[in-house]
Amino acid sequence: DSGVTQTPKHLITATGQRVTLRCSPRSGDLSVYWYQQSLDQGLQFLIQYYNGEERAKGNILERFSAQQFPDLHSELNLSSLELGDSALYFCASSVEGSLISSGYTFGSGTRLTVV
Amino acid sequence: GQQVMQIPQYQHVQEGEDFTTYCNSSTTLSNIQWYKQRPGGHPVFLIQLVKSGEVKKQKRLTFQFGEAKKNSSLHITATQTTDVGTYFCAPTTSGTYKYIFGTGTRLKVLA
Numbered sequence: 001d002s003g004v005t006q007t008p009k010h011l012i013t014a015t016g017q018r019v020t021l022r023c024s025p026r027s028g029d030l031s032v033y034w035y036q037q038s039l040d041q042g043l044q045f046l047i048q049y050y051n052g053e054e055r056a057k058g059n060i061l062e063r064f065s066a067q068q069f070p071d072l073h074s075e076l077n078l079s080s081l082e083l084g085d086s087a088l089y090f091c092a093s094s095v096e097g098s099l100i101s102s103g104y105t106f107g108s109g110t111r112l113t114v115v
Numbered sequence: 001g002q003q004v005m006q007i008p009q010y011q012h013v014q015e016g017e018d019f020t021t022y023c024n025s026s027t028t029l030s031n032i033q034w035y036k037q038r039p040g041g042h043p044v045f046l047i048q049l050v051k052s053g054e055v056k057k058q059k060r061l062t063f064q065f066g067e068a069k070k071n072s073s074l075h076i077t078a079t080q081t082t083d084v085g086t087y088f089c090a091p092t093t094s095g096t097y098k099y100i101f102g103t104g105t106r107l108k109v110l111a
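Taken in sequence, the protein lines are chains P and A.
So in our numbering, spot 109 of the first sequence is number 109, and the numbers just go up one at a time.
So in our numbering, spot 78 of the second sequence is number 78, and the numbers just go up one at a time.
Keep in mind that the hints are not guaranteed to be accurate.
As the list claims (entries may be wrong) - Which chain P residues stay away from chain A? Per the calculated CB distances, all over 12 Å, these:
no.: 1; residue: Leu11
no.: 2; residue: Thr20
no.: 3; residue: Asp40
no.: 4; residue: Ser65
no.: 5; residue: Phe69
no.: 6; residue: Pro70
no.: 7; residue: Asp71
no.: 8; residue: Glu75
no.: 9; residue: Glu82
no.: 10; residue: Gly84
What the hints assert, rightly or not - Listed next, with one range per pair, are the computed distances between beta-carbon atoms:
no.: 11; chain 1: P; residue 1: Ser101; chain 2: A; residue 2: Val55; range: 13 to 21 Å
no.: 12; chain 1: P; residue 1: Gly28; chain 2: A; residue 2: Lys56; range: 21 to 29 Å
no.: 13; chain 1: A; residue 1: Val55; chain 2: P; residue 2: Leu83; range: 42 to 50 Å
no.: 14; chain 1: P; residue 1: Val115; chain 2: A; residue 2: Gln58; range: 40 to 48 Å
no.: 15; chain 1: A; residue 1: Val50; chain 2: P; residue 2: Lys57; range: 24 to 32 Å
no.: 16; chain 1: A; residue 1: Lys59; chain 2: P; residue 2: Ser102; range: 15 to 23 Å
no.: 17; chain 1: A; residue 1: Glu67; chain 2: P; residue 2: Thr113; range: 43 to 51 Å
Claimed, not checked - Distance condition first, Cα-Cα at most 27 Å in a straight line; then the derived DSSO-like pairs of lysine-lysine:
no.: 18; chain 1: A; residue 1: Lys70; chain 2: A; residue 2: Lys56
no.: 19; chain 1: A; residue 1: Lys108; chain 2: A; residue 2: Lys51
no.: 20; chain 1: A; residue 1: Lys57; chain 2: A; residue 2: Lys98
no.: 21; chain 1: A; residue 1: Lys108; chain 2: A; residue 2: Lys57
no.: 22; chain 1: A; residue 1: Lys56; chain 2: A; residue 2: Lys98
no.: 23; chain 1: A; residue 1: Lys36; chain 2: A; residue 2: Lys51
no.: 24; chain 1: A; residue 1: Lys108; chain 2: A; residue 2: Lys59
no.: 25; chain 1: A; residue 1: Lys70; chain 2: P; residue 2: Lys57
no.: 26; chain 1: A; residue 1: Lys98; chain 2: A; residue 2: Lys70
no.: 27; chain 1: P; residue 1: Lys9; chain 2: A; residue 2: Lys36
no.: 28; chain 1: P; residue 1: Lys57; chain 2: A; residue 2: Lys98
no.: 29; chain 1: P; residue 1: Lys57; chain 2: A; residue 2: Lys36
Read the hints as simulated data drawn from the structure, not as lab findings.
Using N, Cα and C, we set each Cβ at its ideal position, and we do this for glycine too.
Based on the sequences and whatever the hints tell you, model everything.
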């Protein structure tokens with residue numbers, strides 16, 4: 001157990017629908033990062049939050065949004081889902097806000113299948 | 001999106017052979033981290049390199065940061081089946097790269 005909790009582990013939904021992925025960071029970590037990993041592909045950075053504030057944006061589609069709550073858990077909202085959104089979505093956390101001087105701790109991921 | 005190239009993309013080795021993956025950047029890096037992702041698993045932090053020319057070892061794994069801090073390598077001596085997975089580098093600079101990962105090298109070890 002890495003200490004980063006992601007729910008749900010699996011999600012199957014239809015095109016056009018909206019889903020919410022949840023992440024609880026490791027205790028003490030203030031930063032949360034969201035990554036998308038398509039089948040046998042690399043890790044694409046989506047967005048980062050630090051202590052409730054959006055800190056950095058990557059290749060996040062306009063149909064996707066995220067937020068970090070006062071208790072530091074984060075949610076990634078994916079709407080108007082398309083078949084191509086099927087992927088593994090990872091959440092990672094760290095203590096620092098930028099120029100990470102220690103590693104990211106990843107959760108086990110949410111596997112999203114859009115049918 | 002922005003990516004850092006790792007070579008090779010795939011590597012199949014016989015158990016006991018050595019393995020090396022390289023991570024190359026066009027810009028000078030502040031530091032670089034390495035991660036391992038087992039099949040069906042999540043990336044796990046292995047190590048961070050900060051200094052020019054730095055070399056760190058973890059048992060059979062040797063990590064190196066280039067003198068110009070533009071490239072890095074991970075070398076595994078005498079691979080074992082437990083080494084199977086994808087190895088990612090994660091370079092950091094204050095400008096060009098932020099929170100990105102390399103394209104990864106998938107290692108398969110044949111027993």
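Do the hints match the structure? See the list:
1. Leu11: 16 Å, holds
2. Thr20: Answer for P/Thr20: holds, closest chain A Cβ roughly 20 Å.
3. Asp40: At roughly 8 Å from the nearest Cβ of chain A, P/Asp40 sits no farther out than 12 Å, so the non-interface label is violated.
4. Ser65: P/Ser65 clear of chain A: closest Cβ-Cβ about 18 Å, beyond 12 Å.
5. Phe69: 21 Å, holds
6. Pro70: Label holds. Min Cβ-Cβ 23 Å, cutoff 12 Å.
7. Asp71: 23 Å, holds
8. Glu75: The claim stands: P/Glu75 keeps its Cβ more than 12 Å from every Cβ of chain A (closest is about 19 Å).
9. Glu82: 17 Å, holds
10. Gly84: 14 Å, holds
11. P/Ser101 with A/Val55: 13 to 21 Å: Given range 13 to 21 Å: holds, Cβ gap about 19 Å.
12. P/Gly28 with A/Lys56: 21 to 29 Å: 25 Å, holds
13. A/Val55 with P/Leu83: 42 to 50 Å: 45 Å, holds
14. P/Val115 with A/Gln58: 40 to 48 Å: Hint holds: Cβ distance 42 Å, inside 40 to 48 Å.
15. A/Val50 with P/Lys57: 24 to 32 Å: Holds - the Cβ-Cβ distance for A/Val50 and P/Lys57, about 26 Å, lies within 24 to 32 Å.
16. A/Lys59 with P/Ser102: 15 to 23 Å: This hint holds: roughly 20 Å between Cβ atoms.
17. A/Glu67 with P/Thr113: 43 to 51 Å: Hint holds: Cβ distance 46 Å, inside 43 to 51 Å.
18. A/Lys70 with A/Lys56: 17 Å, holds
19. A/Lys108 with A/Lys51: 30 Å, violated
20. A/Lys57 with A/Lys98: 26 Å, holds
21. A/Lys108 with A/Lys57: Within the cut-off at roughly 21 Å; holds.
22. A/Lys56 with A/Lys98: 23 Å, holds
23. A/Lys36 with A/Lys51: At roughly 21 Å apart (the allowed maximum being 27 Å), A/Lys51 and A/Lys36 satisfy the hint.
24. A/Lys108 with A/Lys59: 19 Å, holds
25. A/Lys70 with P/Lys57: Distance ~24 Å between A/Lys70 and P/Lys57 Cα, so the pair holds.
26. A/Lys98 with A/Lys70: At roughly 15 Å apart (the allowed maximum being 27 Å), A/Lys70 and A/Lys98 satisfy the hint.
27. P/Lys9 with A/Lys36: 20 Å, holds
28. P/Lys57 with A/Lys98: It holds: about 9 Å lies between the C-alpha atoms, which stays within 27 Å.
29. P/Lys57 with A/Lys36: Measuring from Cα to Cα gives roughly 24 Å; hence the hint holds.
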